[in-house]
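2 protein chains.
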Amino acid sequence: MIAKTPQPPYYAVIFTSVRTSIDDGYAAMSNRMMKLASEQEGFLGVESSCNDLSITVSYWTDLDAIKNWREQVDHTFARRLGREKWYQAFKTRIAIVERDSQFEK
Amino acid sequence: MIAKTPQPPYYAVIFTSVRTSIDDGYAAMSNRMMKLASEQEGFLGVESSCNDLSITVSYWTDLDAIKNWREQVDHTFARRLGREKWYQAFKTRIAIVERDSQFEK
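Which chain is which? The protein sequence lines are A and B, in order.
Going by our numbering, 49 is the number at position 49 of the first sequence; the sequence numbering is gapless.
Going by our numbering, 5 is the number at position 5 of the second sequence; the sequence numbering is gapless.
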């Protein structure tokens with residue numbers, strides 16, 4: 001689903017990752033984190049897609065909301081498991097969305 | 001592949017799309033546009049992933065580079081075909097990447 005975000009400006013966290021071959025609980029944790037993120041204050045939406053490369057873009061009102069989500073206890077635990085088991089490599093980019101446009105048939 | 005981008009700040013164009021069921025030349029055009037984008041001045045990298053939702057994030061030095069790529073003749077033609085044939089819906093967000101971090105095993 002394309003996230004229904006408000007008028008810019010708002011923040012985007014672009015999380016790009018390459019998985020290891022270890023599956024062990026990844027899907028369940030990923031679903032849990034998506035749900036948990038959506039309950040955080042300042043959460044605006046999320047978009048996710050994966051094949052060889054996995055890209056998840058989450059949208060947030062401000063940097064405090066991003067920091068709070070980063071430090072949320074269960075998320076911190078999930079991030080540690082991610083580094084230990086699930087991710088070969090990842091990159092996180094924090095960006096301010098300045099403008100957007102859309103198209104729908 | 002995770003794009004090897006320089007130190008922030010730089011720009012990200014987050015292009016999220018939902019495809020129609022029409023395939024007709026999509027993959028070839030997509031590959032051609034990836035190659036062409038990478039030859040543009042100011043291009044820094046691109047990341048792409050698709051299943052139900054397709055996310056492509058391209059990285060650029062500045063807004064002029066993004067504008068030039070948007071107006072590049074072949075790209076303009078491809079964008080028109082995209083609206084006519086390939087995309088049910090899409091959203092484009094232009095953002096300034098302020099910080100990043102990475103992990104590699």
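FYI, nobody ran anything at the bench for these hints, they're computed from the structure.
Among the hints, a few may not be true.
Chain copies aren't distinguished; within one or between two, either way the pair holds.
Computed list of lysine-lysine pairs in DSS-like fashion (alpha-carbon distance at most 27 angstroms, straight line) [claimed, not checked]:
{"#": "1", "residue 1": "Lys85", "residue 2": "Lys4"}
{"#": "2", "residue 1": "Lys91", "residue 2": "Lys105"}
{"#": "3", "residue 1": "Lys35", "residue 2": "Lys91"}
{"#": "4", "residue 1": "Lys105", "residue 2": "Lys85"}
{"#": "5", "residue 1": "Lys67", "residue 2": "Lys105"}
Consistency of the hints with the structure:
1. Lys85 <-> Lys4: Intra 32 angstroms, inter 23 angstroms, cutoff 27 angstroms: inter-copy only.
2. Lys91 <-> Lys105: Answer is between; shortest inter-copy Cα gap is 12 angstroms, intra-copy 33 angstroms.
3. Lys35 <-> Lys91: both (22 angstroms within a copy, 23 angstroms between copies)
4. Lys105 <-> Lys85: between (41 angstroms within a copy, 10 angstroms between copies)
5. Lys67 <-> Lys105: For Lys67 and Lys105, only the inter-copy Cα distance (24 angstroms) is at most 27 angstroms; the intra-copy one is 37 angstroms.
Comparing the model with each earlier hint shows no violations; every hint is respected.
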